[in-house]
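Place chains P and V on chain X using the hints.
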Amino acid sequence: MQTIDWVQWLAFGILTLITVGGALAVVIDRNIFHSALWLLVSLFGVAGLFVLLNAPFLAAVQVLVYMGAIVILIIFAVMLTRRLMGITESVNSQWWIGALVSIVAFLVIALVLAQAGSGSAPLLARDPIATLSNRTVADFGAALVDPAQYALPFELASLLLTGAMIGAIVIAREDA
Amino acid sequence: MAEFLTNQGISATLATFIATFLGVVAVASFGLGWFSVLGLWLERKFAARVQDRMGPNRVGPAGLLQVVPDLIKMITKEDITPQGADKVVYNIAPLMAVGAVILIWAVMPFSKQLIGADLNVGAIYFVSVASLGTLAILLAGWASNNKYALLGALRAVAALVSYEVPMILSILVPVMLAGTMSMQGLVEQQHIWYIFVVPISAFIFFTSNLAETGRSPFDLIEAESELVAGYNVEYTGMKFGMFQAAEFVHAFTACALMAVLFIGGWRGPGSDQANLGGTILGFAYFFGKTMVIYLIMMLIRNTVPRVRIDQMMAFNWKFLVPLSLINLLMVAFIQKLIVPQYDSVLTTISGGGVEGGLYDAIGANFVAELPRAVILLAANLLVLGVLGRVIQMFIQAERRRVGEIASTPNPLHPPQRIEVAVGD
Amino acid sequence: MVPQTAYLIIAAILFCVGLYGALARRNAVSILMAVELMLNAVNLNLVTFWRFNTPNNDSTNGLKIGMAGQAFAAFVFVIAAAETAVGLALIIAMYRARQTVVAESADSLRG
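Chains as they are written, first to last, in the numbering used here: chain X, 1 to 176; chain P, 1 to 424; chain V, 1 to 111.
Rather than coming from a laboratory, the hints here were simulated on the basis of the structure. What you are looking at is a predicted structure, and each value in this text was computed from that prediction instead of being measured. Where hints are given, some of them may not hold.
[To be verified] Restraint-style ranges between C-beta atoms, simulated for each label pair:
id : chain 1 : residue 1 : chain 2 : residue 2 : range
1  : P       : Val88     : V       : Asp107    : 34 to 42 Å
2  : X       : Asp175    : P       : Val390    : 58 to 66 Å
3  : V       : Arg98     : P       : Leu151    : 22 to 30 Å
[Said to hold, decoys possible] Not close to chain P: a few residues of chain X, all C-beta gaps over 10 Å, as computed:
id : residue
4  : Gly13
5  : Ala69
6  : Val91
7  : Ala110
8  : Leu111
9  : Ala142
10 : Leu152
11 : Phe154
12 : Ala157
13 : Ile169
14 : Arg173
15 : Glu174
The beta carbon of each residue, even a glycine, is placed where N, CA and C say it ideally should be.
Extracted from the complex, chain X is given alone in its bound form (with noise of 0.2 Å):
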């Protein structure tokens, strides 16, 4: 499938660079307002690329509840906790440990995933499975109501986010 190929590739190579690109300036970046503003930029990269991984419902939700609940929040965060306009460190005195850690774990992965890859029994597909892109939305929400399948965790998660509310909200009540 030639022709189909370089389109693929090409924009799995857009969301690369927006995705990585938009994640190395948010740890980069001194101004935490367009730290939040290049993390919403990495946000839509990563859901670009659950549409080209076949999951259009995950990639809507991403840009819904992340891109339009999460950074949202974030930002009313950053707005509110201002004190100084100037330019103060923007890391800590052990960056350079992080780094260091940082790469460090990346390159182990890399290596555990170019073996895994390779050599004669991969553990890692090299194509997607073809008749996967049938599941659709309603196999997904069929799955989070089934009794035998995730209806328990789908109910916890409930319990979880009401817990989360309630808890934001005694937490950052003013105490009148």
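Chains P and V alone, transformed into the frame defined by chain X:
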């Protein structure tokens, strides 16, 4: 269109790309382009007539080309960037606002064959994209380096994010009834228009869209007389024009969505055929229904007074959200009990003579959907009745409370007895 | 087709960038943003494995695993939202008490 190009010898991928690109151009130009001429004129004439004046009548026949001098005015104004504003964010915010609105038009079904992209998650897609417009307001308020803009933006974003909740809950009801989230599927499954089946959901969706697009009575988001026009106070020229255009087109988009979800989109007599006539008829029905809803929106805008922000939030969290939850539960319950049997009705009518003819005229699917529709309508009306009674009790309690306050004598200012001298 | 290893490498990069951000940044909100990046990397991993490795046959030990990846990713969304809400509430409470959001300054329990 893609097949046409492929037959010409262009490769399949390139043909699809060109067809999609042309479709995008057509959709964007429809959404932003020639609706602005018609809709803006209609809006201003309507508001003018309600206010007992003439409205624009100088430019073009009966003022139809009013949008042209408006555009020229917007473009020729001086483009000021306030000192200390965050330049990149300041310039991106109006683009994001307009982009978020136009992205919704990608999933709008104009007719049976005309749709930008028939995503199978279209219903959630347009809600997600609308939340990008909310972000644009936040960015605009922040980047203006102006505390009033920031306050206005924070207030607006709080209201917009709150009203997304009943909007999503009320969208879930047609999705449940139709069994699919794709917009084209939602229209095709509406053998009976959903506004007659679940009027409560239609009301909730309409109201939350009024709040989301910032139309009256919820237009404190960009009210000209409050908070110095809110988040776009520092914007001039074309950037301000883009915010205005975004808000205006968003209103039209919300009307189109209401038409698609609840009034049957492009459905109507004769629009099911696959030829050119069916396409044009479908498009005409879609546009006509959108215009009817837009008329209702304009009517509400010109008659209902503005609400305060705390009234707006109380209305959302204490009225709309519980109502939409109750509605969702009720529809889910009834939907599980009664599922329309299309096949059995088709076999029934295919045997008969006169009945077959009658059912063919109305549509066999219409008859198959009827029991569920009637029961849902009855349940909705029951909820509305209960709601009316509850509201009545609230009003009576409030009246009693106000009456007590009014009739309690104030110890500092006892009522004076006024002596009226009767003439002898 | 884009191979599975490519997606997994991208997720690994995201995770390590988030790890660096969580370890090296001073502002507590920045740390939270880096944690969001890590959670997104996890989500990407889950969906990649769902797309490439989920077998199509339905029951294994009576449990249908056809939708496991997507379901887990959805639960990660839920947990991320809950964690962000509570975390930001804590940051705001700390800001009110101490007038600062630098994470190093919350050291009154230090020995």
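So, going through the hints one by one against the coordinates:
1. P:Val88 <-> V:Asp107: 34 to 42 Å: holds (36 Å)
2. X:Asp175 <-> P:Val390: 58 to 66 Å: Violated: the Cβ-Cβ distance is about 34 Å, outside 58 to 66 Å.
3. V:Arg98 <-> P:Leu151: 22 to 30 Å: holds (25 Å)
4. Gly13: holds (16 Å)
5. Ala69: violated (7 Å)
6. Val91: holds (22 Å)
7. Ala110: holds (32 Å)
8. Leu111: Non-interface label on X:Leu111 holds, nearest chain P Cβ at 36 Å vs cutoff 10 Å.
9. Ala142: Consistent with the label, X:Ala142 stays out of reach of chain P, its closest Cβ about 12 Å off (over 10 Å).
10. Leu152: Nearest chain P Cβ is 20 Å from X:Leu152, so the label holds.
11. Phe154: holds (15 Å)
12. Ala157: holds (17 Å)
13. Ile169: It holds; X:Ile169 is separated from chain P by about 12 Å at its closest Cβ, greater than 10 Å.
14. Arg173: For X:Arg173, whose nearest Cβ neighbour in chain P is about 16 Å away, the distance exceeds 10 Å, so it holds.
15. Glu174: Holds, because the least Cβ-Cβ distance between X:Glu174 and chain P comes to about 16 Å, which exceeds 10 Å.
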